[in-house]
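> What follows is the residue order along each chain.
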Amino acid sequence: MLIQNEGYRPPRSPQALQTADVAHEPRLSFENLSFRYEPYPIGAARPVLPEDLYRSLIDRYPPRDLFVYMPKFGHKYTLSEKFNGEAYHRFLREEPLWRAFHAWVKSEDFIIEVMDALRAHGIDLGYGAAPPARQRLLKSIKHALRPSQKPRFRKLSSRFEFSMLPADGGSVLPHTDLPSKIVTIIVSMVGEGEWNPSIGGGTDVNWPKDPRTSFNRLNARGRFEDMDVLDTYDFQPNQAVVFVKTFNSWHSVRPMTGVGSQAMRRTLTINIEAR
Amino acid sequence: MFLDLDALKIRYRPYPIGIAQPAMADDVYRRCVESFPPLDLFDNYDKILKPGKKYTLSEKENPKAFHKFIRSSPVWQDIHDEIKSDSFVYGILDVLRDKDIDLGPHYLRPGRRVVKRAKDLARGRLSPDAARLRARFEFSAMPADGGHLIPHTDAPTKIVTLIVSMMRPGEWDAAFGGGTDVNEARDDRLAYNHMNRLATFEDMNVVATYPYAANQVVIFIKTFNSWHSVPPMKGHGSTALRKTLTINIERFL
Numbered sequence: 003m004l005i006q007n008e009g010y011r012p013p014r015s016p017q018a019l020q021t022a023d024v025a026h027e028p029r030l031s032f033e034n035l036s037f038r039y040e041p042y043p044i045g046a047a048r049p050v051l052p053e054d055l056y057r058s059l060i061d062r063y064p065p066r067d068l069f070v071y072m073p074k075f076g077h078k079y080t081l082s083e084k085f086n087g088e089a090y091h092r093f094l095r096e097e098p099l100w101r102a103f104h105a106w107v108k109s110e111d112f113i114i115e116v117m118d119a120l121r122a123h124g125i126d127l128g129y130g131a132a133p134p135a136r137q138r139l140l141k142s143i144k145h146a147l148r149p150s151q152k153p154r155f156r157k158l159s160s161r162f163e164f165s166m167l168p169a170d171g172g173s174v175l176p177h178t179d180l181p182s183k184i185v186t187i188i189v190s191m192v193g194e195g196e197w198n199p200s201i202g203g204g205t206d207v208n209w210p211k212d213p214r215t216s217f218n219r220l221n222a223r224g225r226f227e228d229m230d231v232l233d234t235y236d237f238q239p240n241q242a243v244v245f246v247k248t249f250n251s252w253h254s255v256r257p258m259t260g261v262g263s264q265a266m267r268r269t270l271t272i273n274i275e276a277r
Numbered sequence: 236m237f238l239d240l241d242a243l244k245i246r247y248r249p250y251p252i253g254i255a256q257p258a259m260a261d262d263v264y265r266r267c268v269e270s271f272p273p274l275d276l277f278d279n280y281d282k283i284l285k286p287g288k289k290y291t292l293s294e295k296e297n298p299k300a301f302h303k304f305i306r307s308s309p310v311w312q313d314i315h316d317e318i319k320s321d322s323f324v325y326g327i328l329d330v331l332r333d334k335d336i337d338l339g340p341h342y343l344r345p346g347r348r349v350v351k352r353a354k355d356l357a358r359g360r361l362s363p364d365a366a367r368l369r370a371r372f373e374f375s376a377m378p379a380d381g382g383h384l385i386p387h388t389d390a391p392t393k394i395v396t397l398i399v400s401m402m403r404p405g406e407w408d409a410a411f412g413g414g415t416d417v418n419e420a421r422d423d424r425l426a427y428n429h430m431n432r433l434a435t436f437e438d439m440n441v442v443a444t445y446p447y448a449a450n451q452v453v454i455f456i457k458t459f460n461s462w463h464s465v466p467p468m469k470g471h472g473s474t475a476l477r478k479t480l481t482i483n484i485e486r487f488l
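Just so you know, the sequences run in chain order A and B.
As numbered in this note's numbering, residues 3 to 277 make up the first sequence, in order.
As numbered in this note's numbering, residues 236 to 488 make up the second sequence, in order.
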């Protein structure tokens, strides 16, 4: 059975939410994360949320009419700070559970947690907790006066977007992500048994057939026919696919084959970016 | 540009690295080789507590001796001035762009860079185009008798590295070794090395080697996996030196 987008239920009051839904803190767990390292670090963790909380987030996933169509990136719908920002912020204001989750994703704790999880897997991006403001200011002044060889402190921020790809032909073209992105986390938003894997929807790890296109720091778009598929992370419930932006982090979602289906491959895509 | 990169041949995997030969006009190259600084100006890696068996003379490690030497040598003063120019830095980036390696930053006049930087600050983020790039170089010498450089990927601030061999034709016995190895980590845990952890030779496979030869430049891009090394050389009892000019383009503002 495919998940239908009509599952959206109107928000409940914060009080009702507290007792019914927030038995757990709304935060992802990277405990079961496992990586492959070639051609770039990419892995998956499952489960990433307590089952009841995950179910509640799915039930309150934003309705389709809030999304904007993004043909530039494939056959895809998006709702984010950047695209349809007003509706995005209104939705978060009205949905306490998503608002709490959003607040955690936007917190420094979240970034530190992700960096720690990556470091535990041998992926050190060189970012730790931000030093106190005074120390940062001092360092900036010192750096301006005498540029050192040490990497400058760059502040990281995080943001998330809701994405939907139609089971009938939805896709994301091969790309490597913008240079400002550091880490991407794609959380599937589908209930157990609600997605037919034969439709596709997995995240492909791509390898360009022409080695000259391997280096893609600036995120030129590729074509499916120009890519080999090294691996696929199937679209599964309560899963996060995590990868690091590199010069060769080619990935895509091939056109899905649910002809005539109204189902949507719904995800939450979290990005950690350098400012 | 004093370097001739018309004949640059790049391999793209595991990371972009290539070679051009000849790297310089013969007469310029000969003058550079003949006026290469004497070893007594160099610091020993042992002395400055760096791993590897190598001597270095650079603006970073021993700036006084480096600048004194540059001022004393018209040939090297010219090379120094060129390497320090924006036209050199952005010229190298243009050459790489022609080889499908687009690193992003384009040259911006100082005034435009300031405007762009101000706009970026107002937006709360920095665009790569506003980054100030610079080049610096070091003279390196490794003894044919055991000289080596352990596997590493270069510091995160580096963007491009160019290694120009500095020797008279026929001066070096190829049996000594001295080539630059392109490495690939055997252990997954070393595959991602943005922060430039050091590894051992045993941790690495050798994917390719660029032998040390006269008038050539090896050029590569710093990436998360740009592992490279020079394995211990085998010129037992030899006093020969593997001399190079190592140029780095880096982001500094």
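There's no promise every hint is true.
[Claimed, not checked] Result set (DSS-like, lysine-lysine): computed pairs, CA atoms no more than 30 Å apart in a straight line: (1) A/Lys84 / A/Lys108; (2) B/Lys354 / A/Lys84; (3) B/Lys334 / A/Lys211.
These are computed hints drawn from the structure, not numbers from a lab.
Note that the structure is a prediction, hence the values are computed from the model and not measured.
> Indicate, hint by hint, whether the structure satisfies it.
Checked hints:
no.	hint	verdict
1	A/Lys84 / A/Lys108	15 Å, holds
2	B/Lys354 / A/Lys84	18 Å, holds
3	B/Lys334 / A/Lys211	16 Å, holds
Hint compliance for this structure: every hint is met.
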